[in-house]
Every structure is written in structure tokens, then in C-alpha cells.
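Asker: As given, the protein sequences belong to chains A and B, one line each in that order. Take 9 as the starting number for the first sequence in this note's numbering and just add one per residue. Take 9 as the starting number for the second sequence in this note's numbering and just add one per residue.
Errors might be hidden in some of the hints.
Which copy is meant is left open, because identical chains are indistinguishable; a pair holds if it fits in one copy or across any two.
Stated by the list, open to error - Here are the simulated SDA-like cross-link-like pairs (lysine to any residue), alpha carbons at most 20 Å apart as the crow flies: (1) Lys11 / Thr67; (2) Lys194 / Ala215; (3) Lys221 / Arg12; (4) Lys221 / Asn59; (5) Lys221 / Arg124; (6) Lys11 / Gly128; (7) Lys194 / Tyr38; (8) Lys165 / Gly71; (9) Lys225 / His295; (10) Lys11 / Ile57.
Keep in mind that the hints were calculated from the coordinates and are not lab data.
2 protein chains.
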Amino acid sequence: MAKRPTIHDVAAAAGVSRGTVSRVLNDDRYVSPAAHAAVRRAIAETGYIVNRNARSLVTQRTGSVVMVLSEPHEKVFEDPNYSTTIRTAIRRLGERDVSLVIMLAGDDGDRERVVRYVRGGHADGVLLMSTHAGDPLVDELESLRIPAVACGAVIGKENVIPYAAADDREGARQMTRYLVEQGRRKIATITGPMDTPGGIQRLEGFADVLGRKASRKLIEHGDWTQLSGESAMARLIERTPDLDAVFVASDLMAAGALSTLRAAGRQVPGDVAVGGFDDSSVAATTHPPLTTIRQPLAEVAEETVRLLLTLVDGGGPVDPVILPTRLIVRESA
Amino acid sequence: MAKRPTIHDVAAAAGVSRGTVSRVLNDDRYVSPAAHAAVRRAIAETGYIVNRNARSLVTQRTGSVVMVLSEPHEKVFEDPNYSTTIRTAIRRLGERDVSLVIMLAGDDGDRERVVRYVRGGHADGVLLMSTHAGDPLVDELESLRIPAVACGAVIGKENVIPYAAADDREGARQMTRYLVEQGRRKIATITGPMDTPGGIQRLEGFADVLGRKASRKLIEHGDWTQLSGESAMARLIERTPDLDAVFVASDLMAAGALSTLRAAGRQVPGDVAVGGFDDSSVAATTHPPLTTIRQPLAEVAEETVRLLLTLVDGGGPVDPVILPTRLIVRESA
DNA sequence: TTTCAGTCTGTGAACGCTCCCAGACTGATC
DNA sequence: GATCAGTCTGGGAGCGTTCACAGACTGAAA
């Protein structure tokens with residue numbers, strides 16, 4: 009392979025200096041139309057491409073951001089929602105010619121690698137995914153003063169790490185209200201982990217609507233996995249056999265709840281109505297298909313990226329963005 | 009934030025020259041134990057981290073590889089299998105301190121961006137995912153002579169792009185044999201797209217077992233999506249109402265086939281046995297749970313990464329790796 | 001005519017690293 | 001004590017950019 013052309017080669021081909029080429033490359037002021045045209049032509053002729061390493065060396069900017077997935081290894085991606093977010097982020101960043109590096113932060117070794125990466129100046133910004141409350145990584149990033157945003161709030165850091173998120177609380181209210189309207193009287197809930205915004209806020213929304221009817225014995229906690237949905241449902245029907253509805257804080261857990269109910273001989277929605285949350289891809293494949301709350305995942309991802317790019321460009325402090333959810337009625341409720 | 013320490017600072021702190029520090033950093037020969045210790049200590053004290061840009065500028069190596077997802081935008085990630093592959097790749101690469109950049113290659117604009125990225129020397133290698141037959145990107149990468157491997161064969165380029173893959177053909181044979189052993193007589197199949205290895209080879213395996221009984225009218229094609237599974241199944245039962253089994257080349261399509269069968273009033277597995285492929289996460293949530301073929305996805309991903317790193321390290325030509333599949337019996341067959 | 005602001009261009013000096021070469025120092029061998 | 005191979009170290013050059021600055025040229029205003 010022939011050696012790659014450098015800015016010198018372009019300058020020579022265009023009959024101008026390095027400086028002028030650089031100015032054209034960076035859309036700087038003060039380049040005559042003639043010089044501009046000559047440089048453009050020379051770039052096309054030589055097939056020149058800027059060397060980002062050389063550029064980064066002097067600008068201290070990398071043209072890439074890192075997405076950090078803070079889940080224990082086994083769980084990463086278990087939630088199909090990740091896919092949408094990643095895809096959307098790549099696309100939006102790509103349009104701005106920013107590339108996306110993905111790193112895991114499931115254990116201390118991983119976290120150290122992330123910190124080293126960021127401290128090494130290899131990313132202009134950090135996009136946090138599913139970061140749990142108290143994650144030490146957040147403090148470290150904060151002290152490095154690198155632009156950071158989160159997709160979904162970081163509990164306890166809502167005022168430090170800007171974020172975009174779906175309106176979990178209102179979404180939970182929508183579903184709970186719907187169950188009430190359908191005439192359900194004994195409504196239980198299976199929540200997510202209580203150190204995640206989805207876990208906390210979806211329970212709050214549930215309680216907002218039911219008030220004191222949301223008794224402790226009608227609440228069980230899961231960890232977003234299907235298996236945890238199964239066992240939480242089992243505990244609920246054992247404790248309150250006459251419940252007639254359950255709001256499950258994620259579709260995957262709802263799928264688990266459905267199998268438990270089926271195994272227990274309860275008809276859905278005849279005996280028990282089941283409401284999910286997410287409108288993820290499993291929602292359509294369960295039997296019966298899940299009535300659920302759709303989160304505008306793509307929009308959340310887009311907003312997250314927008315926030316990050318604003319920060320990276322020095323666009324000053326930004327406010328969290330909360331996007332509305334929507335009830336999707338299928339057959340389970 | 010204080011300016012980041014450079015190799016000069018470390019050298020000064022250790023009382024040696026830049027050259028010696030660089031030698032320690034790169035595990036070069038000829039460094040005295042004393043100098044080595046002094047440098048290590050100085051690195052710890054100063055909190056020094058190498059600047060990869062500066063290093064790349066001279067070594068022409070980046071310490072990162074790019075994963076290219078060659079699917080039309082809407083489809084990327086639809087298949088939950090992506091998640092496993094990405095996660096595994098990140099982890100294995102991370103262990104070697106190689107970072108992973110993900111790019112989309114769904115349209116020409118995307119492809120051009122990928123080529124520019126690679127031509128710009130920003131990656132040491134390319135990991136292709138689900139690349140279709142005839143993708144122009146492959147030729148371009150070939151001409152750039154950058155190490156490239158694929159996760160799953162690239163049709164028509166099997167001898168050019170090394171790959172790791174599950175044994176699709178044998179997997180299809182396993183399932184078909186199983187259906188025959190269960191006493192099924194009229195066995196149909198829903199294939200994947202015929203420009204993908206999974207589409208082609210799973211059909212071949214099916215035909216291997218059934219011989220001339222695999223008549224054209226028992227074959228329908230899908231595009232991996234659930235919807236395509238639904239409609240393919242509808243065409244099959246219309247054309248051959250007395251079929252008693254169907255081998256579907258992916259779990260997602262099988263989920264679609266299940267709903268069509270249910271809507272048509274056929275009992276599964278009573279009237280019609282359904283066999284899937286992938287053992288992806290949907291396989292357990294369908295009703296009834298899918299009997300399917302498990303692909304060793306994580307191992308495939310690991311092998312793919314290993315191949316790539318071997319190439320990147322100049323480890324010479326490598327051979328494709330084919331890994332065995334396994335029948336998972338649940339309830340649908 | 002002079003002055004001046006505005007426009008445009010070229011050049012040297014970084015950025016932080018690795019590579020290579022020259023040279024110093026060891027100890028063993030002739 | 002000279003030679004030599006092996007070990008170890010320092011420093012100059014260069015990787016491909018951007019940035020700051022100096023200087024040249026314009027045309028309009030004083």
C-alpha cells in the first residue's frame with residue numbers, strides 16, 4: 009500500500025502552504041476562493057484524509073465518545089432496549105462524524121480500564137447507560153471533569169449528570185389508572201431494583217394512583233430478569249391469592265409473571281390482568297400479547313446524544329429531558 | 009485540572025531519559041533492574057498514562073478495532089444474538105486493552121464513513137457482522153489490506169475473509185433428524201434470506217436429511233423477522249394443510265410461525281411440531297417454549313476476536329473456525 | 001500621500017511519543 | 001592490555017497536525 013498522503017502532499021499539489029490547507033480543512037476564515045478551490049481539488053486528487061491522531065495530539069480532542077455499560081457482565085444487554093439505544097446513538101453520532109467506543113463497567117477491573125481510557129484523553133465525552141446508585145465510576149468521572157451524560161437518571165446524581173429519560177412515573181400512572189378503569193380492585197406490582205430510576209419511579213407512579221390501597225403486601229421486587237418476574241409473581245399469588253391485576257415494571261419480568269400465572273392456572277386477562285412496561289420486542293411474542301407502556305426509546309437516545317454533544321461543544325449547562333410515554337393496549341389487560 | 013504528566017515528567021522524576029521510560033513502557037530489552045524500578049515508581053507517583061495519539065502517530069497502530077454492522081438500519085439488532093456477540097467481543101478485546109468502535113454500514117453513506125475511518129488508519133482491524141453477499145464494503149476493505157474477519161461466513165468470500173461460525177448445516181440436520189425421529193412425516197421449513205450463510209446452510213442441512221422429500225412446496229423463505237415468519241407459515245399451511253412439522257431457521261421467525269398456527273387453530277406440538285434455531289432469549293418466552301438448536305454464540309464471538317487479534321499481530325493466515333451446535337428440547341416439538 | 005482595518009498566506013514551534021544511532025560501560029577472551 | 005560481544009543509556013529526528021504570529025497585499029478613509 010502506497011504511503012498515505014499528508015497535508016504536505018496536498019499543499020504541494022495545490023501550490024499553497026500547509027497552513028492554508030489546514031484552514032480549508034477546518035473551515036477557518038480568511039481563505040481566498042481560488043486557494044479554497046485549489047485545495048479542494050488537491051484533496052480529491054491525492055485521496056487525502058486527515059490523520060486524527062496528529063490532530064488530536066495538538067487539539068486535545070478525539071472525535072469520539074465512549075458509552076459505558078454499567079451492568080454486571082451476565083446481565084449486559086439482557087434487556088433488548090439496549091439495542092435501540094446503541095443503534096440510535098451510533099447513527100446520530102455518526103452524522104456528526106463522532107465515533108462511538110463501547111466499554112463495559114461490570115467490575116472493578118472494567119471500571120479502572122474506563123477511567124484509564126478517559127484519563128488518557130481518548131474520548132471527548134462519556135455516555136452512561138444504566139448506571140446504578142452509588143457507582144464509584146460517577147465520582148471518578150466527575151473529578152476528571154469530562155463531559156458526561158446518562159441515558160436514564162443516575163440516582164443521587166440527578167443534578168450532576170444530565171440525562172434524558174422516559175417519564176417513568178407518569179407511565180406507571182397511565183398503566184395503573186388503566187387497570188383501575190378496567191374495574192380491577194386488587195392490583196399488585198412487581199418493581200425493578202430499587203437502586204434504579206425505573207425501579208423507584210414506576211413504583212411511585214403506581215402509588216400515586218392507588219394511594220393507600222398500594223399496601224406493602226401487594227408490592228414485590230424483581231431485578232428486571234424474566235426469572236425474577238416468575239418468582240415475584242409466585243410470591244404475590246401465594247400471599248394474596250385474590251389479586252386481580254398486576255403492574256409489572258418491565259416486559260421481560262411480565263413475561264416471567266405470565267408463565268407463573270399460567271402454571272398456577274390463572275387466566276390472563278380473565279382472572280388476572282397483567283400490565284407491562286417498555287413495549288420491548290418480547291411484548292408482542294408473549295401469550296397473550298402484553299398490554300404495556302411504550303417508552304420513546306429512540307427519542308431518549310437521541311436526546312441523550314444531543315445533550316452530550318452540547319456539553320462536548322462547550323454549550324454550557326444543560327437540563328434533563330423527560331419524554332412522554334404511551335399506553336399500548338394488547339390482550340393481557 | 010492540572011496538565012497531564014508526559015513521558016518527560018516521568019523521566020525527570022525517575023532520573024532517567026525519555027528513551028529509558030519508553031523502553032519500560034514497551035517492555036523492551038536492555039533496561040537495568042534499577043532503572044526499571046525507578047521508572048515504575050515514577051509512573052505511579054505522577055499518575056502517568058501514555059498518550060495513545062502520540063504513540064499511534066509514530067507506530068501507526070491504534071489499539072482499537074472497528075465492528076461493522078452491515079444491516080439496513082431498521083433491522084440492526086433486531087436479532088437478540090447481536091448482544092451476546094458485542095458483549096463478548098468487548099470483553100475479550102478489553103482484556104488485551106484493545107477498544108471497540110462500532111459503526112453501522114446500512115447504506116452507502118455509512119459505508120463511505122467506514123471506509124474513510126479505516127483508510128484514515130483509525131483501526132487496526134475490522135470485525136464484520138452479518139455481511140451480506142456482494143457487499144461492496146468487503147472489496148474496499150480487501151483493497152486496503154486491513155486485517156478483517158467476520159462473525160459468520162461472508163458468502164462468496166469464504167476464502168478471503170476468515171470467520172468463525174456455528175455449524176449451521178449440521179445444526180439444521182440435528183433438528184430435522186429429531187423431527188423425523190418424532191415420527192413427523194410432512195416436514196416443512198422456513199428459511200432465512202438466501203444471501204446469508206444461515207439462510208443457505210440451514211436449508212442445506214434440512215435437505216441433507218430429507219433428501220427428495222424436501223420438495224419445493226415445503227420450503228418458504230423469510231427474512232429473519234417475526235413478521236416474515238408469520239406470513240411464511242401462512243403460505244405453508246395454505247399450500248400444504250396436512251404438514252405435521254416445520255423447521256424454522258430462527259427463533260424469532262418461529263415465534264411468528266407459532267402465532268399463525270395458533271390463529272389457524274393448530275395445536276403445537278399436537279398437530280404441528282415447530283423447531284427453531286438460535287436458542288435466543290425469545291425461545292423461552294414463546295408459548296409453548298421452543299425446541300431449538302443452540303448456537304455457541306459466545307464461543308463464536310470469542311473465536312472471531314481471536315482470529316482478528318492473530319491477524320492484527322501479524323500472525324499470518326488463519327483458517328475458519330466452525331463450532332458445534334446442540335439440540336435443546338422444550339415443548340414445541 | 002499616508003494610515004489603517006481587513007483579508008489572506010507562509011512558517012516555526014509545539015503536541016507526546018517511538019525509533020534509531022552513537023557511545024559508555026561491563027566482563028570475558030586472546 | 002587490547003579486543004570484542006553484550007548490555008545499557010541518552011538524545012536527536014520525525015510522525016502529521018494545529019496554532020500563533022509575522023508579514024504582504026488590498027481598498028477606503030483621513
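Asker: Hints first: check each against the structure and report whether it holds.
Answerer: Hint check:
For the homomeric pair Lys11 and Thr67, the shortest alpha-carbon distance between copies (14 Å) is at most 20 Å, but the shortest distance inside one copy (24 Å) is not. Taking the shortest alpha-carbon separations for Lys194 and Ala215, only the intra-copy value of 13 Å comes in at or below 20 Å, while the best inter-copy value is 54 Å. For the identical chains of this complex, Lys221 and Arg12 are neighbours neither inside a copy (71 Å) nor across copies (57 Å), given an alpha-carbon limit of 20 Å. Proximity of Lys221 and Asn59 under a CA criterion of 20 Å is satisfied in neither setting, with 64 Å inside one chain copy and 59 Å between copies.
In this homomeric assembly, Lys221 and Arg124 never come within 20 Å of each other (Cα to Cα): the closest approach is 50 Å inside a single copy and 60 Å across copies. In this homomeric assembly, Lys11 and Gly128 come within 20 Å of each other (Cα to Cα) only across copies, at 12 Å, whereas the closest approach inside a single copy is 28 Å. With identical chains, the CA atoms of Lys194 and Tyr38 are never at most 20 Å apart, being 73 Å at best within one copy and 76 Å at best between copies. For the identical chains of this complex, Lys165 and Gly71 are neighbours neither inside a copy (26 Å) nor across copies (33 Å), given an alpha-carbon limit of 20 Å.
For the homomeric pair Lys225 and His295, neither the shortest alpha-carbon distance inside one copy (27 Å) nor that between copies (30 Å) is at most 20 Å. Taking the shortest Cα distances, Lys11 and Ile57 sit within 20 Å of each other inside one copy (12 Å), while across copies they are farther apart (30 Å).
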